[in-house]
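In the order they appear, the protein sequences are chains E and S. Counting from 1, one number per residue, gives the positions in the first sequence under my numbering. Counting from 1, one number per residue, gives the positions in the second sequence under my numbering.
Keep in mind the hints are simulated off the structure, nothing from the lab. The reader is advised that the hints may include incorrect statements.
As the list claims (entries may be wrong) - Part of the chain S face toward chain E, derived, beta carbon under 7 Å: (1) E122; (2) R126; (3) T127; (4) G131; (5) V133; (6) A201.
Ideal Cβ positions, reconstructed from N, Cα and C, are used throughout, including at glycine.
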Amino acid sequence: MLRIKVARQLGDFRLDVRFEAPELGVTSLFGASGTGKSSLLQAIAGLLRPERGHISIGELTFFDSEHRIDMPVQDRGIGYVFQDSRLFPHLSVEQNLRYGQTRSRGRERRISFDDAISVLAIDQLLERRVHDLSGGEKQRVAIGRALLAQPRLLLLDEPLASVDDARKDEILACLERLRAQVPVPMLYVSHSLTEVVRIADHLVVMEEGVATATGAFREMLSRLDVAALSERPDAGVVVECLAGETDEAMHTTVLLFQGGALTVSGLQVKSGSFYRVRIAARDVAIALAMPIGASFQNMLPAVIRQLHHRQRGDVMLRLQVGDEFFLAAVTPAAVARLGLYEGLSVFALLKSVALAG
Amino acid sequence: MLTDLEWSALRLSLIVATCSVAVSLPLAIGVAWLLERVRFRGKALADTIVHLPMVLPPVVIGYLLLLGFGVHGPIGAFLDRELGIRFAFTRAGAILATAVMTFPLIVRAVRLAMSSIDRGLEDAARTLGAGPVDRFVSVTLPLMMPGILSGAIVAFSAGLGEFGAVVTLVANIPGQTQTLPLAIYAALQSPTGEQVAARLATISFTLAFAGLFLSELLRRRVQQRLGR
Numbered sequence: 001m002l003r004i005k006v007a008r009q010l011g012d013f014r015l016d017v018r019f020e021a022p023e024l025g026v027t028s029l030f031g032a033s034g035t036g037k038s039s040l041l042q043a044i045a046g047l048l049r050p051e052r053g054h055i056s057i058g059e060l061t062f063f064d065s066e067h068r069i070d071m072p073v074q075d076r077g078i079g080y081v082f083q084d085s086r087l088f089p090h091l092s093v094e095q096n097l098r099y100g101q102t103r104s105r106g107r108e109r110r111i112s113f114d115d116a117i118s119v120l121a122i123d124q125l126l127e128r129r130v131h132d133l134s135g136g137e138k139q140r141v142a143i144g145r146a147l148l149a150q151p152r153l154l155l156l157d158e159p160l161a162s163v164d165d166a167r168k169d170e171i172l173a174c175l176e177r178l179r180a181q182v183p184v185p186m187l188y189v190s191h192s193l194t195e196v197v198r199i200a201d202h203l204v205v206m207e208e209g210v211a212t213a214t215g216a217f218r219e220m221l222s223r224l225d226v227a228a229l230s231e232r233p234d235a236g237v238v239v240e241c242l243a244g245e246t247d248e249a250m251h252t253t254v255l256l257f258q259g260g261a262l263t264v265s266g267l268q269v270k271s272g273s274f275y276r277v278r279i280a281a282r283d284v285a286i287a288l289a290m291p292i293g294a295s296f297q298n299m300l301p302a303v304i305r306q307l308h309h310r311q312r313g314d315v316m317l318r319l320q321v322g323d324e325f326f327l328a329a330v331t332p333a334a335v336a337r338l339g340l341y342e343g344l345s346v347f348a349l350l351k352s353v354a355l356a357g
Numbered sequence: 001m002l003t004d005l006e007w008s009a010l011r012l013s014l015i016v017a018t019c020s021v022a023v024s025l026p027l028a029i030g031v032a033w034l035l036e037r038v039r040f041r042g043k044a045l046a047d048t049i050v051h052l053p054m055v056l057p058p059v060v061i062g063y064l065l066l067l068g069f070g071v072h073g074p075i076g077a078f079l080d081r082e083l084g085i086r087f088a089f090t091r092a093g094a095i096l097a098t099a100v101m102t103f104p105l106i107v108r109a110v111r112l113a114m115s116s117i118d119r120g121l122e123d124a125a126r127t128l129g130a131g132p133v134d135r136f137v138s139v140t141l142p143l144m145m146p147g148i149l150s151g152a153i154v155a156f157s158a159g160l161g162e163f164g165a166v167v168t169l170v171a172n173i174p175g176q177t178q179t180l181p182l183a184i185y186a187a188l189q190s191p192t193g194e195q196v197a198a199r200l201a202t203i204s205f206t207l208a209f210a211g212l213f214l215s216e217l218l219r220r221r222v223q224q225r226l227g228r
């Protein structure tokens, strides 16, 4: 278990965060800019000293104000990928990568040099000087450098912020491979839901210096009481699916989820693999009976579990479909016309289903 | 082309300048670190003392050194007794006087280099497991290299021409303590020395110019390598 309690005044801003997260997997700190996410990472790494708090992983305590524990940064073994990569300009790429590795003695080896450069696809860059790297390359090298220090915890502070869109995908793909192959707990700071959707297992929502909600990532997305998520125009859920058979003639594939199935077309999926599928609330319509002669590819029986009037004026429905929850955004007029209420059985009509990665 | 005495003046100047830089550089890096990175009381005073040689008349520096490091001075007497090192009228004295005079030049250059270092890189080194000394050697020092180099070269060039403090502490003994500028001065005192003075002045000018030029070239190259 990762236990974080950090209180610190920063000028007019008060950081007062507490949350717990499972050690395994990626925990995403999600929130708008200026909500204290980066300061929190600095405190965890030891670069910013909390006035009060407790920071520990499992049995290992890095900071505890009551017990006067404050482990020096260099002894914590907490990797840090900075927004601006911070590679050493006087060293080559390989020397940068080895910098932490040679100083990581005594810690469990989780990844080898060769594995790191192949996962991050930086094997061609080793001889290069940092100065000549593109933004995306720099960030991949920075991730490799932090990983090779064999960290007990890896902090990633908006690693895609200074990278152009085309390269973001590359880095996200690297991070996905890492999550699957290297058992390092990660704390990933982001203000972008599209990034979070791809790699998070656990979500901590931050607002104005406080962690306002925390929980398993997919469950959080379907909750209506987390305004930072449910009030977004692109609010929606992520469903974990197993790809089934592909119909070659129709170019459609069946994606199975707990208690149901989706049919998708035109997506590059491999049968037998797991995928995260993103279904936005605005792409889900509601019908009281199975429509006849409609073009929707997915029309699923659902039960309305919750109705919530959003600040933006529409109504958000939380639907149970099999064992999963979907969200649907409908107009108040539709709610009145169809007579929607909690517990009503309806059909969820999906206009679009997208792969999250 | 040069007489033996002129050669020895040139050689002595080079030795004095080199040794003075070698002595003051490590100390200057330490002092620059203190002034730039460490908070302590009386920092303004320390800063002032370090820079005094730049504004005090060199003769006064020489005189103060004579008081402290002369045969009867407290430090001079101690070093003479314990280690057999004498500063008055010796080459060691010339080195000491030159080192003191050029000290602020190096401190300034090193400090400037230190202040331009991205502290974020040192933080990155910390998260990668580097302790304070390790961090200084593996990150801070290499990044300061341009400043250290140009400071050292400027100090060397200035050291070649140090006059007032040197002549006061160690006098003007041909073959012993007579550096280039002292030889030029001595030549100008003699009615027939005009040509000698001109020759030595030309050498002096060339060395100083070459030093500054080299320092600039080096600085550019290192900065390019560091990608700035």
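Review point. Would the hint on R126 (chain S) stand, with a C-beta cut-off of 7 Å toward chain E?
Key: holds, 4 Å
Practice item. Using Cβ atoms only, decide whether V133 (chain S) comes closer than 7 Å to chain E, and label the hint accordingly. Key: violated, 11 Å
Point to revise | E122 (chain S) as chain E interface residue, shortest Cβ-Cβ below 7 Å | key: violated, 10 Å
Check your understanding: Holds or violated: is there a CB of chain E closer than 7 Å to the CB of G131 (chain S)?
Key -> holds, 5 Å
Exercise for review: Would you check whether T127 (chain S) satisfies its interface hint, that is, whether its CB is within less than 7 Å of any CB in chain E?
Suggested key: For T127 (chain S), the interface hint holds, since the closest Cβ of chain E sits about 4 Å away, which is under 7 Å.
Review point. Close enough to count: is the Cβ of A201 (chain S) nearer than 7 Å to one in chain E?
Key: Violated, about 40 Å.
Violation of the numbered hints given earlier is confined to hints 1, 5, 6; the remaining hints are satisfied by the structure.
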